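Asks: Residue numbers (my numbering), protein chains in the order written: chain A, 1 to 339; chain B, 1001 to 1535.
Hints are computed from structural coordinates only; laboratory data are not their basis. Check the hints yourself; a few may be wrong.
Stated by the list, open to error - What the simulated footprint calls covered on chain A by chain B, stretch by stretch (three residues with Cβ under 8 Å from a Cβ of chain B suffice, anywhere in the stretch; the number is not a length):
id, region
1, 134-142
2, 152-160
3, 252-266
4, 287-301
Stated by the list, open to error - One-sided excerpt, in silico: chain A residues whose CB lies under 10 Å from chain B:
id, residue
5, Asp49
6, Tyr63
7, Val179
8, Gln192
To be verified - Straight-line C-alpha distance at most 20 Å; calculated SDA-like pairs for lysine to any residue:
id, chain 1, residue 1, chain 2, residue 2
9, B, Lys1220, A, Met97
10, B, Lys1252, A, Gln86
11, B, Lys1199, A, Arg302
12, B, Lys1534, B, Lys1507
13, B, Lys1420, A, Asn44
14, B, Lys1220, A, Leu152
15, B, Lys1301, B, Ser1513
16, B, Lys1252, A, Arg302
17, B, Lys1220, A, Leu130
18, B, Lys1252, A, Met97
19, B, Lys1220, A, Glu191
20, B, Lys1220, A, Arg204
21, B, Lys1252, A, Arg204
Just so it is clear, the structure is predicted and the values come from calculations on it, not from any experiment. Note that beta-carbon positions come from the ideal geometry of N, C-alpha and C, so glycine has one too.
Residues per chain are reported as follows:
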Amino acid sequence: MILHYLFRRLFLLAFVFVALTIFAFSLSYLFPGDVLSNFTGLRNISPADEVMLTRQLGLDQNYLQQYLLFVQRLLQGDWALSFSSQQNVLTEMLQVMPATLELAAYALFLSLLVGIPLGIVAAVRKDKWLDKVISTLALIGFSVPIFWWALLLIMVFSLSLGWLPTSGRLGVLYEIPTVTGFMLPDILLSEQSYRQQAFIDAIRHMLLPSVVLATYPTTVMIRFTRDSMLDVLEQNYIKTARAKGLTRLQVLYTHGLRNALLPVTRQVGLQFSTLITLAMITEVIFSWPGIGRWLIDSIYQRNFPAIQGGVLLVSSLVILVNMLTEIMHTLFNPLARKF
Amino acid sequence: MNIYQRLTLVCLTTLLTNACQPDPHDTGGAGLVYCVEGSPESFNPQLVTSGTTIDAISQHLYDRLLDINAQTGELLPGLATGWLVSNDGLSYRFQLRENVVFHHTEYFKPSRTLNADDVVFTFNRILLPEHPFHQTATEYPYFDSMEWRQLVAEVKAISPYEVEFRLNKPDSSFLSTLATDFAAVLSAEYGAKLQAENKLPDLDHLPVGTGPFLFRHYQKDVLIRYFRHPQHWRQGSNLQQLVIDIVPDSTKRVAKLLTHECDVAPIPRLAELELLSKRQDFVVDVQTSMNVGYWAFNTQKPPLNNVKVRQALALAVNKQNILQAVYFGQAEQADSLLPPNSWAYQKPQLTEAYNPEKAKVLLAEAGFAKGFSLDIWAMPVQRLYNPNALKMAELMQADLAQIGVKARIVSYEWNTFRRKLTQAEHDSVLIGWSADNADPDNFLRPLLSCAAAVSGSNRANWCDEHFDNLLQQAVNTADLNERRAFYLQAQQYQAQQMPLMPIAHSKRFQVRSSNVSGVAINPYGGVNFAMAGKH
C-alpha cells in the first residue's frame, strides 16, 4: 500500500518537473534577445560558433528535439553560462545556495523553538490575558511588512545601539575557507587562530537576519499550534484521560502534544516556499550572499540564463521539500493515509 | 633520557617549529576595511579608466616608476630612483631601484627582483602588437587616449637597472603620464610563466606587482582581500590585511561606517556628510580634487554648431543655483576646464556671470529669437564630479525655459548611455572628468582634442585646428612659462568658443574612523593605504 502511495507521489513529482522544465525551456524563447545566447549564456557568438552551437543545441530541429536536448544538458549539469560572470549557472548557484539554506534553517529552527511553546501556552490559557497577549503579538508579527521590520531592527540594534552588524555573514577581516558552504561548520573546520572570534562574529551577523526571517513563520506556528491544540483538547480521549486522574501536564505531554503537532509538521513544509520568498527580501536588506540576492541581482542585470536557472532550481527545491514533508506527514499520521 | 627530559624536548621542538614558522596566512583577523561602490573591471590598471577600479587596485598592488606628491603635484622617485631627459626631449632614461621584490603568491613565486626587463615588458605590452600579451586586451583606454603608440618609439633596457624610453616627438607631460596610476609596473617573469602555461588572461585577473599589498582573494561584488607584502621596498604600513568591501548602496555604506564594519569609505552623497561630521568617532577628510563636471554641446548638430547659440545657453544657466542644490555647496564654481589648483589655471576673461537677458539677445542674433528645443542627457550614475545629473538637468530645464529653449531630459542605463554618447546621438550631455595626473594636458586633450573626438572622450565632438595647435605647442616645449602661456590661450579660446560649459570642481570626501591614520587621498588618482595604520 505504502509503495503504491509513494509511486503515485513520485509520478506526480515527475509530472511537475516536466512542466517546470518546459516552462524554463520556453523562457529562452520568451526572453528578449538572441535565442542562442539565452540558451548558452555566451555573448558575441562568432558566425562559425553559431553554426556549430545551433547544431549542438538542436536549434535546427523541432521544439521537441530541442527540449529533449535541453533536459539532457540539465541532467548532465551542463547549464547555461551566466551573462555577467561567464560561469556555469548551476555551479554559481550551488555556491550561494548554502547561505540561503543556512539562513532559512536557523529561521525555521527559531520559529519552531519560539512558535510551538507559545502556541501551546496560548491554547492552554485560552481567553486568559496571556493568550490575548500572545495572539496579539502573533497578529502584529503576521501583518508587519518584513522589509520595514528589518530596517527597524537595523535602526535600533545596529545604528543606534551599535550591537550588531548590518550586513554579510561574517566580518570581512576573517578569512574562512569554504568547505561545506555553511558558515558555522566551516568555521569549526577551519584551522585559523581566530576561529573562536570568527564563530562569535558569525553568530552576531546571523542574529538579525534570522530574527527577521523567523518572524512570519513564528506567527504562523503560534496560530497553527494554538488552533490544533485547542482541537485536540476538545477531544474525548483528553477528557477521558483527565477523568482518569492524570494531571494537566501529563495529559498535555502524553496525549495532547503528539496529536497536536502532527498538522504542524505539515506546516513546516508548506512554510518553506514562503520562507524562501521572504529570504530573498531579507538577503537583499542584509546583503546576505545567498541565492535570493543573487537572483534579484540577475534580474537587475537582465541576466537571462541566470534567471532561467534560478527559477528552475528554486522551484524544484520548493516542490521537492513540499513533497517530502507531505510523504513524511503521511507516514507519521495514520489518519492522513488515504491509500 | 628520562621522561621529563623527553617531555621538555617535545615541548621545545613544538615551540620552536611554531615560533619559526608562523602561518603567513593567519592575520589574526586584524586589518583595515575600505568600502567602495563597485567591483573592479580588471586587476590591471593598464586596461581601465574608471575611478572605482583604480581606487580598488592600483595603489595597493603596484608601484610606478614615479610618484606624485599629493600636495604639490611634484614628481617623486618611485621604482625609478633617478631620471634623465635628453636636451631634445626625445629620450628619457630611468635608473631603477634595486632589490625590489615582487609579490609572493599562491599562483606565482618570483625568483628574481625587479629589473629593466619588467619595465620593458610592461610598456611594450601597450606599444607593440607582437607582444604576447598585447592581444589579450581589446584596448588600453588611458594610453590610447594619449596616443601612446604614436608618441613612444621604443622602450629598451640599457643595463639591468637602466631603461630608456625614446619618443617620436617631445612631450613635456610624459613624466606625469608615467606617474599616473595606469602606468603600473608588471612582472616579466610572471608573464613568461603564464605564457608557458598558456594562461595569458591571468595577467589581468591574478595580479602580481611590487606594491604594498599582495592579492589574496577576490569574490565579484563581495570583496577583495589583500595581504601585506612583507618585503615591500618602502616599509610603511603595518596593516596585516586590507579588505576592499564592495557595497554599491551608499546608504548601506554609511550604515556600515556607523557600525564600524567599514573603516574608511568614500562618500559621494554629500547629504550624508553632515551626519557623519557631527560624530566624534569619525574624521572627514576633504581634498580639492582634480575634476570637472561640465555640460557638453554636440557641436556637430545644428543649432549647436553655432557659437552664439552655445554662448547663449551657457549664459542662461545659473551655476550658483546648481552648486547649492546639487553639490550642497561642497564644490567650486568652474570657470575653466582646469581647476584653480592647477598651475596653468587662469580665470578666463571672457566668462560672464549668469545673464539671461544677454542670452536672449545672442539667441536672437543667431536667428532663434523664438527659442528651440534641445535634449539634455543626464548620466544615470553618481560621480564625484556630478553627484546628481538628473537634478542638475531639471534645474537647467527651468533656466533654459526663461530664454525660450525647451529642454527635454534624457537618460538611459549607464552602459547604453555611454554607447549612445560615443555614437554622438546626443544634443548635449551632463558629464564630467577626473584627472589622472597633475598635468593640464590631461584635462584639455582628452576632453576637447580632435583625437579625442575620434576615440570618443570628446563629448562635444569638437575638432578645432587652432585649439589642437595650442595643445601641441604646449607639450612641445619644456619651458614651464611658455607652456602656461599656451594653456592660457587655449582656455580663453575654449571659453569663447564654448564647446562645453564647465560647471563645477567637486571636492573629494572620505570618511574614516578616528582610529585609522595615514590614509592618503590623492587628487590625481587612487586611494593609498601604504602608510595606513589602525590603533
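Asks: Next, verify each hint and record whether it holds.
Replies: Against the structure, the hints come out as follows:
Remark: the region 134-142 of chain A is not confirmed as covered by chain B, as 0 of its residues place a Cβ nearer than 8 Å to a Cβ of that chain, below the required three. Requiring three or more residues with a Cβ within less than 8 Å of a Cβ of chain B, the coverage given for the region 152-160 of chain A holds, as 3 such residues are present. Here's how the region 252-266 of chain A fares: 0 of its residues keep a CB closer than 8 Å to some CB of chain B, so the rule of at least three is not met and the hint is violated. As drawn, the region 287-301 of chain A meets chain B at 3 residues by the rule of a beta-carbon pair under 8 Å; at three or more, the given contact holds.
Residue-level restraint check for aspartate 49 of chain A is violated (minimum Cβ-Cβ distance to chain B is 18 Å; threshold 10 Å). Checking tyrosine 63 of chain A against chain B by beta carbon gives a least distance of about 33 Å; that is not within 10 Å, so the hint is violated. The criterion of a C-beta within 10 Å of any C-beta in chain B is not met by valine 179 of chain A, whose closest approach is roughly 15 Å, and the hint is violated. For glutamine 192 of chain A, the interface hint holds, since its Cβ comes within 10 Å of a Cβ in chain B; the closest pair sits about 6 Å apart.
Among the hinted pairs, lysine 1220 of chain B with methionine 97 of chain A is consistent with the structure: their alpha-carbon atoms are about 16 Å apart, no more than 20 Å. About 28 Å separates the Cα atoms of lysine 1252 of chain B and glutamine 86 of chain A, which puts this hinted pair outside 20 Å; it is violated. A threshold of 20 Å between alpha carbons decides the hint, and for lysine 1199 of chain B with arginine 302 of chain A the separation of about 30 Å lies outside it, so the pair is violated. Between lysine 1534 of chain B and lysine 1507 of chain B, the direct Cα distance comes to roughly 25 Å. Violation of the 20 Å bound is thereby established for this hinted pair.
Only pairs whose Cα atoms come within 20 Å are accepted, and lysine 1420 of chain B paired with asparagine 44 of chain A is accepted, the gap being roughly 19 Å. For a cut-off of 20 Å, the pair hint linking lysine 1220 of chain B to leucine 152 of chain A is broken: about 29 Å separates their Cα positions. Distance check on the hinted pair: lysine 1301 of chain B and serine 1513 of chain B sit about 50 Å apart at the alpha-carbon level, beyond 20 Å; violated. With a CA separation close to 23 Å, the supplied pair lysine 1252 of chain B and arginine 302 of chain A exceeds the 20 Å bound.
With a C-alpha separation of about 50 Å, the suggested pairing of lysine 1220 of chain B with leucine 130 of chain A is violated against the 20 Å cut-off. A C-alpha spacing of about 23 Å is found between lysine 1252 of chain B and methionine 97 of chain A, which places the hinted pair above 20 Å, so the restraint is violated. With a C-alpha separation of about 25 Å, the suggested pairing of lysine 1220 of chain B with glutamate 191 of chain A is violated against the 20 Å cut-off. Simply put, lysine 1220 of chain B and arginine 204 of chain A have alpha-carbon atoms about 24 Å apart, too far for the 20 Å limit, and the pair is violated.
Note on lysine 1252 of chain B and arginine 204 of chain A: the hinted pairing holds, with a Cα-Cα distance of about 18 Å set against a maximum of 20 Å.
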